[in-house]
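Model the full assembly from the supplied sequences, consistent with the hints where possible.
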Amino acid sequence: MTQARPLSPAVARPAHVTDAVTYDFDMFADEAYVKNPHDRILDLHKNAPPVFWTPRNGGHWMLLSHKANFDASRDVETFSSEVIPQAQVQAMLAQRPPGSPHFPQPWPINIDPPLHTMHRAPLQKAFSPKAIMALKDSIRELAGELIDAMKPAGTAEFVSAVAEPLPVQVFLKMFGLPVERQQEYRQVVKEHMESISVSDPRAVMMRMLKITAIMRDTLLDRKENPKDDIISMLWQTEIDGKPMGMDEMENFCVVLFAAGLDTVVNGISLGARHLADHPELQRELRADPTLISAATEEMLRRYTFTVPPRRVNKDTEFHGVTMKAGDKVMLFLPGADLDSREYANPEQYQLKRETVHIAFGAGPHRCLGSHLARVELNVVYEEMLARLPEFRLASDKEVRYHGGHVVGPDELWLSWN
Amino acid sequence: MKIRIEKASCVGNARCAAVAPQLFPLDDDGYIAVSEIDVPPGQEQLARRGARACPERIIVVEEDAPDGTP
Chain A
1 MTQARPLSPA VARPAHVTDA VTYDFDMFAD EAYVKNPHDR ILDLHKNAPP
51 VFWTPRNGGH WMLLSHKANF DASRDVETFS SEVIPQAQVQ AMLAQRPPGS
101 PHFPQPWPIN IDPPLHTMHR APLQKAFSPK AIMALKDSIR ELAGELIDAM
151 KPAGTAEFVS AVAEPLPVQV FLKMFGLPVE RQQEYRQVVK EHMESISVSD
201 PRAVMMRMLK ITAIMRDTLL DRKENPKDDI ISMLWQTEID GKPMGMDEME
251 NFCVVLFAAG LDTVVNGISL GARHLADHPE LQRELRADPT LISAATEEML
301 RRYTFTVPPR RVNKDTEFHG VTMKAGDKVM LFLPGADLDS REYANPEQYQ
351 LKRETVHIAF GAGPHRCLGS HLARVELNVV YEEMLARLPE FRLASDKEVR
401 YHGGHVVGPD ELWLSWN
Chain B
1001 MKIRIEKASC VGNARCAAVA PQLFPLDDDG YIAVSEIDVP PGQEQLARRG
1051 ARACPERIIV VEEDAPDGTP
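Sequence order for the protein chains is A and B.
The numbers in my numbering rise by one with no breaks, and the one at position 352 of the first sequence is 352.
In short: position in the second sequence from 1, add 1000, done, that's my numbering.
No lab work stands behind these hints, which were simulated from the structure alone.
Keep in mind that the hints are not guaranteed to be accurate.
What the hints assert, rightly or not - Sample of chain A residues facing chain B (criterion: CB under 7 Å; computed from the structure):
#1 Gln124
#2 Ala126
#3 Lys190
#4 Val356
#5 Ala362
#6 Arg366
Stated by the list, open to error - Beta-carbon label-pair distances, calculated as ranges:
#7 Val1060/B / Glu184/A: 47 to 55 Å
#8 Asp1064/B / Val179/A: 57 to 65 Å
#9 Lys324/A / Gln1022/B: 48 to 56 Å
#10 Gly326/A / Met1001/B: 47 to 55 Å
Said to hold, decoys possible - Far from chain B, by Cβ distances over 12 Å, these chain A residues were calculated:
#11 Gly144
#12 Ser340
#13 Asn417
Keep in mind the model is a prediction, meaning the values are calculated, not measured.
Where a beta carbon is used, it is the ideal one built from N, C-alpha and C, also for glycine.
Listed below in structure tokens is the structure:
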């Protein structure tokens, strides 16, 4: 598990940033934030400007208000997803010796339209509500098995017992990876999870190469022998009228790995923590399980957990601040969904709230896996409530959190004995 | 009652269809398939809820005039 991370050194404030919009907040290591992330966000809303610049982690903007997040997410020309511009990436790659292996990139998450639109298109159908609905029964079966397996002990560390293995197994099933490679894959997932708040680009690169190495045989096999899985389906699609190639397939593998696993792990765990802390909500949902999907939406709002990065593409005046091309920006979605200008009493979890949130982002980069995540979240809560007696936080264990781009508990001990 | 949707701005949240699948048809990718919907009588409340559910705020409800003319 991750160690407490020291505060990153503060950098000097650039000339275009005023004192009034500066607020010192380390999104990876702020002490109050890693102690209780969403309480600290409510505190930020009281004490920090709605759009602020922090000198930590190299210096970057934080979009705290709902409106700033909504507007920036939808203005892809000003707020680029190419944190490193693709032209620069391509120039770097061109300097490698001829015959170097394809370097997989998590496209389309880190590219802008029109390239983004082109490379996202083949994935849409595989992750559409209809395609995901077809997986619901098998997801329920997996969730049931994991919950039954931890039940007899009367207590368990929920993240490693359920929240982590469930999405990994669903993912492996969707991809049709052979059983013998699943262990290797889980090992890479484990390394990925353990380094969640350490951003060493070299290690990230090595993991991307490992993922494609594990998947290569399966990728090649499905091209010739299609089966009922995503890989086979993707081979049969085109990109911009051209047949799918191995390079694009490798990019899809790494994007789905990078974006699709730790995110939902944290989402599941944050919701489970809330349920464990609110036995009255458990009783209400057990009495009427049809309320669970509304409960899930309000969990997503109350405990939004992803912080996608952007790069300012051109000088701009945005929500009263001056931003310069090249500035780094964080879409602080957990802040957006706790904004009192948008939600009355945002700190209150209200099952009856007609919740509309942007936990899955807004604009064209809307989380591709949102429909899958929703099913996984709903099914886990349904099965927990159906299979376990009233559960609570283990009294002798403190919940530990990590900050960063995906916020959530490192460990979550639950008890029901 | 009519519903107008800025179809080009749909990003596939499919929340409208989660509220009212019959009213809000989706294409195979899970994006809204139409830009205009005539709401059948009796389904106005459902249509309003479906419109409110859109995180992109691109669904507009056009209420009938108070005298009942569309």
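Now the hints, each set against the structure:
1. Gln124: With Cβ-Cβ at 4 Å, under 7 Å, it holds.
2. Ala126: 10 Å, violated
3. Lys190: This hint is violated: Lys190/A lies away from chain B, its Cβ roughly 32 Å from the closest one there, beyond 7 Å.
4. Val356: Status holds, d = 6 Å.
5. Ala362: The hint holds - Ala362/A has a Cβ within 7 Å of chain B, the shortest such distance being about 6 Å.
6. Arg366: 4 Å, holds
7. Val1060/B / Glu184/A: 47 to 55 Å: 51 Å, holds
8. Asp1064/B / Val179/A: 57 to 65 Å: Distance hint for Asp1064/B, Val179/A holds at roughly 59 Å.
9. Lys324/A / Gln1022/B: 48 to 56 Å: 49 Å, holds
10. Gly326/A / Met1001/B: 47 to 55 Å: At 48 Å between Cβs, range holds.
11. Gly144: It holds; Gly144/A is separated from chain B by about 24 Å at its closest Cβ, greater than 12 Å.
12. Ser340: Holds, because the least Cβ-Cβ distance between Ser340/A and chain B comes to about 18 Å, which exceeds 12 Å.
13. Asn417: Given that every Cβ of chain B is farther than 12 Å from that of Asn417/A, nearest at about 37 Å, it holds.
Comparing the model with each numbered hint stated earlier shows that hints 2, 3 do not hold.
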